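Asker: What follows is the residue order along each chain.
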Amino acid sequence: MAIAATLALGTDILILDEPTSELDEHATKRIVAILSELKKQGKTILIVEHKYSHFKDLVDTLVVMENGAISAIGTPGDMLADERIRKIVVANFSGIRPPSQKKVCLKKTEGPSDAIIQVRNLSHAYGDLLALDSISLLVNTGEFVALVGENGSGKTTLVKHFNRLLTPSRGAVVINGKNTRDSTITELAHHVGLVFQNPDHMFFADTVWEEVEFGLKNLGISNRDTIILAALSEVGLEHTTDLYPRWLSRGERQRLAIACVIAMQPVVIVLDEPTTGLDGNEARLVLEILKALQQKGHTIVIITHNKDIALMCADRIVTMEQGKIVSDLCNTGSE
Amino acid sequence: MAEILAYVHKDGFFRRLHPFTKIAFILLFGMMSILSTNISFLVLLVIVIIAIAYGSNLNTEVIHQFKMILAMSIILIGLTIITMPSGQTVGFLIPSVLPIIGGYIPITTGAIDFGIVLTLRFMVLICVFQLFVISTQPRDIVHTMERMKIPIDYTLMFLIALRFIPTLQIEGKRIHEAQLARGYNPGTGVLGKVRSVAPIVIPLVSNALARATVLGLTIDIRGYRIGIRTRIREFTFQRRDYATIVLILIAGSGYTALVVQQIL
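One line per chain: the protein sequences are A and B, in this order. Per the working numbering, the very first residue in the first sequence carries number 262; after that it's consecutive. Per the working numbering, the very first residue in the second sequence carries number 6; after that it's consecutive.
Pairs of lysine-lysine, DSSO-like flavour, derived with a Cα cap of 27 Å:
#1 A/Lys439 - B/Lys178
#2 A/Lys585 - B/Lys178
#3 B/Lys15 - B/Lys178
Footprint (simulated), chain B over chain A, 3 or more residues, beta carbon under 8 Å:
#4 438-452
#5 475-489
Among chain B residues calculated to face chain A with C-beta under 8 Å, some are:
#6 Gln184
#7 Leu185
#8 Tyr189
#9 Pro204
#10 Ile207
#11 Ser211
Rather than coming from a laboratory, the hints here were simulated on the basis of the structure. Treat the numbers as computed from the prediction; the structure is a model and nothing was measured. For every residue, glycine included, the Cβ atom is placed at its ideal position computed from N, Cα and C.
Please take these sequences and the hints and turn them into a complete structure.
Answerer: What follows is the structure, given as structure tokens:
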């Protein structure tokens, strides 16, 4: 729609700033198809993107910018031969999930269980719209689950039930032995940390330190100084304690959002699209942090549109479609 | 979730009217409600508006506002009781049965009347304006304002302000959820309320400013100021518009006559 509005002006040059961030696989492909059609018509297209792999067939000239200057420019072939440039342009997630770890997947959907997340016949309706339709899912402690599916398939609705931002219309969600119906959001915040898609929705404090402290104060956790330092060094932001959160770069803000949540020491950490808008290096960094958290015993659930991330990092891939789980597979590793 | 003041695509008599006719309707009802202090007349205006809302399929949206208006009316009546005592005293805000502190702040009939008049006025103004905004596409509002020779900058300012109400509402909800997930628990008492504002308002305002900048840029990039545009749909005056205008004129002159006769 926005592309059509701009095209209506009959311009010959089209500039797009991250047109596909937040779009799912299918929608991204359609954008790519539209752009390749426009390219054939002789339009000049300048595109700012992080998802290079989707556009690789279109690109004639690749420009890499760092710290306000163009650090490299040339044809994609020449450019990607350089290892350092390649890491920035194409996110490489291989090796994040060590082969020895591959048997953590313990999927089970029926029967009594000590699973940390138990979703039983969960349905949720927004008014007349059925967003979740009798979903059952068990996640065990220490699992790394990727939740995939198209926009509007109910992924975010599902994870909002984990800390009772939404209450089930039907069915039940049990977290760490507690039925969410009988717990308050504040109580559940001890068990489940949720990192939203846009980190800017949560920052309000004057310094990074206070930002992380906010959650700890809310939960009445003592010994805060040690915990804050530990959380910040976990995400590699220990040098930023006195900075204003909104001045940090996009990737740093995402890592700060993660730090805010892990400081509260929840067993389960849920992330909605943690790599949207990040470059290759930053995205890899975020996933390495998550993998490290998993090894410390946390249970990680991520919502992602990126197939590479799901295949390279997660132990288990759950696919949703129109409010239902259509597949739930152990990731046997395709590396 | 219902979005406040966002355009609702529901067909009905009111939606099909020419925007000019709608503006004339707003002006008439606005003027009458501001000038009148007669409670029964204001009640009549509210009933007419609700009837129009029902007839135009927009009743759920309009009725939805009543909860907010009711809360506001309690505050308004409280204020008039404290600030404008007149007429007979019917009781005290602090009951006189209490020793020492009892028997202060009289509740007077004049104050209650005036509070009710204010409430009804707000009800009329809010509902009339809401009917207009939710039944007219934003681009038609802009077009009409242009035809009325209102400078483009003012038109855009008006439209952006209007456009931002539902956006901020949704954004506010998201921020609230994000903070809840961090264990944010608004405290009780006045101090607690004051403290609880920052975690919501600061992200909301910062994000809104950034968004407004982007919106302004996109409007300019798309060449809005050039001022030469073709319309998707030109509104023309239909028979129903003439009929409504005649009704508005009759109602307006009838109201003037009643005022001159000092009946209202």
